[in-house]
Amino acid sequence: MDDFNSLYNFVSGPLVWVAFIVFICGSIYRIYRLFSLVNKKEKFIYTIMSFKYSLRSIIHWIIPFASLNWRKHPVMTVTTFLFHIGLVIMPLFLGAHVILFNDAWGISWWTLPDGLADTVTLIVITCCVVFLLRRLVLREVKYVTTPSDFVLLAIAAAPFITGFFADQQYCNYRFWLILHILSGEIVLVAIPFTRLSHMLYAVFTRAYIGSEFGNIRHARDW
Amino acid sequence: MVLPVIKVEDKIIDDGLDKGMEKLTQDRIENVIDQVMSGETGARLKAYVETCVHCGLCSDACHAYLSRDRDPKFSPAGKVKRTMSVILKKGGKVTPAFIRDASEIASTECNACKRCAMYCPFGIDPAYIMLVVRRICHLCGVTPLYIQDTAHSHAVTQNQMWVKEDEWIDTLQWQEEDAREEMPNLRIPLDKEGADFMYSVIGPEPKFLAGLIYQAAYIFNVAGLNWTMPSFPGWDNSDMAMYTGDNEIMGRNKRFHFEAAQRLKVKRIVMGECGHAFRSVYDMGNRWLSWAMPPVPMVHAIEFYYELLTTGKIKVKEKYKKSVTLHDPCNVVRGRGLHEKARYVINELCEDFREMHPNREHNYCCNAGGGVINCGPPFKNKRVANNRVKAKQCADTGAEILITPCHNCHSGMEDIVLGYKLDMHVKFISDIMYEVMEKPEIG
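Residue numbers (numbering that gives the first Met the number 0), protein chains in the order written: chain A, 0 to 221; chain B, 0 to 442.
Wrong hints could be hidden among the right ones.
[As the list claims (entries may be wrong)] Part of the chain B face toward chain A, derived, beta carbon under 8 Å:
(1) His53
(2) Pro71
(3) Gly122
(4) Arg286
(5) Arg335
(6) Gly336
(7) Lys340
(8) Glu360
(9) His361
In case anyone wonders, no lab produced these hints; they're calculated from the structure.
Every residue, glycine too, gets a C-beta built ideally from N, C-alpha and C.
Take the sequences, apply the hints, and build the full model.
If you want it as structure tokens, here you go:
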């Protein structure tokens, strides 16, 4: 019991701080580095950027089926949107997570009903299976897949799988709980330092190509 | 209809690639890659390679991938995997044989048409990455022979086809003389200061398509326009150096071009029906010279024809009877959004216009542009085989005439029409405008 408590206290205490500090500082550093590179070598990018066309492009790609390529790949489109929506709402709106915030800082907000939370978790896990199958089966995806892609998928899926097991109290609840917290921390740390950084960069790459197409090319990019 | 199968050689021999590879040393490769990676590229390349999640969604954008039985090595991400990913993974420690293959991939399997940039959810631009690969190969001295020859020509003569100054003037005068049989007072005014516009063409026009200059001159004379052409270097707007990665020559070339217009004190430049030249003048060469937009206002032929028709300067006598379809050239459609103007012009000139699908920004590339056709005969079979999807798209329209307002597209489509035995003829817009316009009586 003591061992569990001290381990739990460690992963849910100091390690959380470490993970968030690495995540936030790492993300700021990555974005800072991107902009310092633009300032150093590609200042012309500012002459291309346009708020209007950035937004136009982002809107067309952030809405399912609003771009031609989303429409061409309905399974992938549904999968990726459900996956990413789950990825954002679960950490922030799961009841158990909000309780932790409440315990720590006395703040709380709206939470997902438990039944819905379970469904979202299963949907996200299913999406991860679809992603995995795409990598294994579709020729054009398999060809460009590297071992790191499987690692990244595992990192993204782990908090949901372990969280689900912990919630369902399979076998050893504490074991899954600790793994769940650890896997969440791994995701946070991985975001700035792996290709999960598309979370930070996607808005900028999208805004750039949207501006290039709208401002210079006078053409649509969706 | 069943399209014939085009066979592609397993190994293509090209002296520019093969001899370039033999002369290449390990030191030079590493120096070049270091120069390009740490000196020339920046946030874009970094963001692209660090953002791509290898989802494969770009594949369907590429005509080469679609044409080669969806072979993933021809997908945009597949081509990046075979080139830039290796360079980054090995930190520049790649072999001369790798550089040779990378050059072949980047120069002959990608047209930098940017269709894939429209299909990536992140807006990653694989065409840009391919142009960086070409830049590396250029600095390593490993570029396909034929296109390298045109880049040399740009460097020496400021035109793409080794046209000497006297030959250029002579060709213009020859066309002027021929056209005067049809319109006795026709002029091709050389070096006329303060004209409304300078008409610019690509090197191949005086070299082997001089009739296009005749047609343009005839149209301008009938419309009563105040125009000129320079008798001196700078007349050629084309730019193969842009596609070999020889940015220095690209910039030097564009400087000649813009300075020709400035020396003639014209109000603007009007360019003929060429796509890559438009990209060079409007998007790439100007920017190399630090101009966000061209320092001299310029319009592509499509925009100019649109003006001539909407202002009534050119009137149509009787619309063109044969069925026509339009291939949207990437550099003026994805590159400048001229697709609706092109449709207006064609509908004004032709009775029976049939769309091919997909069209406008989503058109399939001709697989000739981006310097691919300029890599010459060794790569012709591969080029035609890699665009089976375009042949199918054209055949499905059932049109007799395939209009494409771009030189590279035009030549590439002719090869596709011949290679796949399509029952079509390829034409420029000016061919049809010249045929159907109201012409003055010969007095």
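- Query: Can you name, in rising order, the numbers of the hints this structure does not satisfy?
  - Reply: 7
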